[in-house]
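Enquirer: What follows is each chain in one-letter form.
2 protein chains.
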Amino acid sequence: MQLSSSDILKLEQRFRTNLINCLSGFKTPHLIGTRSKLGITNLGLFTQVMHVGANPPLMGVLFRPHSVPRHTLENILETKEYTINLVHKAMMEQAHWTSARWEKSEFEATGLTEHYSSNHFAPFVAESKIKIGLEFKEQHLITANKTILVIGEIKELIIEEELITSDGFLNIEAANTLAMTGLDSYHDTNSINRLAYAKPDIPPKRLD
Amino acid sequence: MQLSSSDILKLEQRFRTNLINCLSGFKTPHLIGTRSKLGITNLGLFTQVMHVGANPPLMGVLFRPHSVPRHTLENILETKEYTINLVHKAMMEQAHWTSARWEKSEFEATGLTEHYSSNHFAPFVAESKIKIGLEFKEQHLITANKTILVIGEIKELIIEEELITSDGFLNIEAANTLAMTGLDSYHDTNSINRLAYAKPDIPPKRLD
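Sequences listed follow chains A and B, in order. Residue numbering for the first sequence follows full-length UniProt numbering, beginning at 1 and increasing consecutively. Residue numbering for the second sequence follows full-length UniProt numbering, beginning at 1 and increasing consecutively.
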């Protein structure tokens, strides 16, 4: 099927939303934990989380337009601290449920547990096996549709030790970390292999 | 294991690079096809590809700092056109191989096939089952480490029709689309389920 720009614009709205959301491929759902200055916690499910750099260690999160209340973004801008927590299979329903319109804290609502470290104001998710504490660095407004990219620096990592291999590779599959596609489809994964650093004239080799 | 900011900075460089690269979770490798004004094609493997919006249909790609030649980015800025092609299992070695330092076009080097549509200057990858033609819209420089976010608008979609379900959801798993973690680890996936739009006081239900 070949769709032109005008074909895409003519698609029924929900059909187009589902289709376009799937094009970026598999993502991992991440729970972002924040706390307002008044102490009210918030937990939100985000899939547009990206690696920005290792030195300094930076991650990015893309937020929907700030035209309705966005507690996660507001708390980050207010307190400069947030946590990103990877979601594994046993947390799937609770993580998905955080995206409902709750009046109370999503921790209380879904039964996920707040965890605090002495260095960080924002709550981690106790159940997550890979917890990341971040400090806000900068934001960028995408003018084409008013989405907002937030960049943060990693200030703390709390990771189950057996997931880290000798060269630093983190076995997120062994943690049953979920893959997600589109708005609502969850998947688990099977490792095929790691491939060695690519060089010309030698086809890629398995790294074992 | 709990690592503070200073612990992270003390990690051996390659260990830190692997670890930090894994924290954003599963990604799908995407091949970006471009062509210079002189007609020289280029194909590069990118994992930091994101959904930015469905109306207008927008995608983002994060590029490493522009301090060494970056043919993909240069061609995009020069011609304003590029393609994003999802990578499935049968293309894994060739896609990974594009990341070697080739003197010639990565199409010629790896044996992947250029495909042209009448509407688009940049080459698609014939082997890909999900091909996206884009037009450059805007770029943002991340000041913290000089990476560059490029936003493009989708102008054309070429997709194997049986992958698209009745509500627009694209079954990228049925296409054997790869998931990737870190710099070099490839995975295939198994669907768990889709979950219905979340509402308070009703735990998430399977969407069948």
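Since the hints were derived computationally from the structure, they do not count as laboratory data. Among the clues, some could well be false.
Put simply, identical chains are the same to the list, so a pair is met inside one copy or across any two.
Stated by the list, open to error - Calculated pairs, DSS-like style, for lysine-lysine (alpha carbon to alpha carbon, straight line, at most 25 angstroms):
| hint | residue 1 | residue 2 |
| --- | --- | --- |
| 1 | K89 | K146 |
| 2 | K10 | K205 |
| 3 | K146 | K80 |
| 4 | K104 | K80 |
| 5 | K10 | K146 |
| 6 | K80 | K137 |
| 7 | K10 | K137 |
Enquirer: Within a copy, between copies, both or neither: where do K10 and K137 come within 25 angstroms Cα-Cα?
Expert: Between copies, since 21 angstroms is at most 25 angstroms while 39 angstroms is not.
Enquirer: My question is about K10 and K205: at a cut-off of 25 angstroms on alpha-carbon distance, are they close within one copy, between copies, both, or neither?
Expert: neither (45 angstroms within a copy, 30 angstroms between copies)
Enquirer: How would you classify K89 and K146 at a CA-CA limit of 25 angstroms: within, between, both, or neither?
Expert: Result: close neither inside a copy nor across copies, 32 angstroms intra and 35 angstroms inter.
Enquirer: Is it within, between, both, or neither for K146 and K80, if the alpha carbons may be no more than 25 angstroms apart?
Expert: both (21 angstroms within a copy, 21 angstroms between copies)
Enquirer: Using 25 angstroms as the alpha-carbon threshold, which applies to K80 and K137: within, between, both, or neither?
Expert: within (8 angstroms within a copy, 30 angstroms between copies)
Enquirer: Between K10 and K146, at a C-alpha cutoff of 25 angstroms, which is it: within one copy, between copies, both, or neither?
Expert: within (22 angstroms within a copy, 38 angstroms between copies)
Enquirer: Should K104 paired with K80 be assigned to within, between, both, or neither, using CA atoms and 25 angstroms as the limit?
Expert: Within one copy only: 22 angstroms inside a chain, 46 angstroms across chains, cut-off 25 angstroms.
Comparing the model with each earlier hint shows violations of hints 1 and 2; every other hint is respected.
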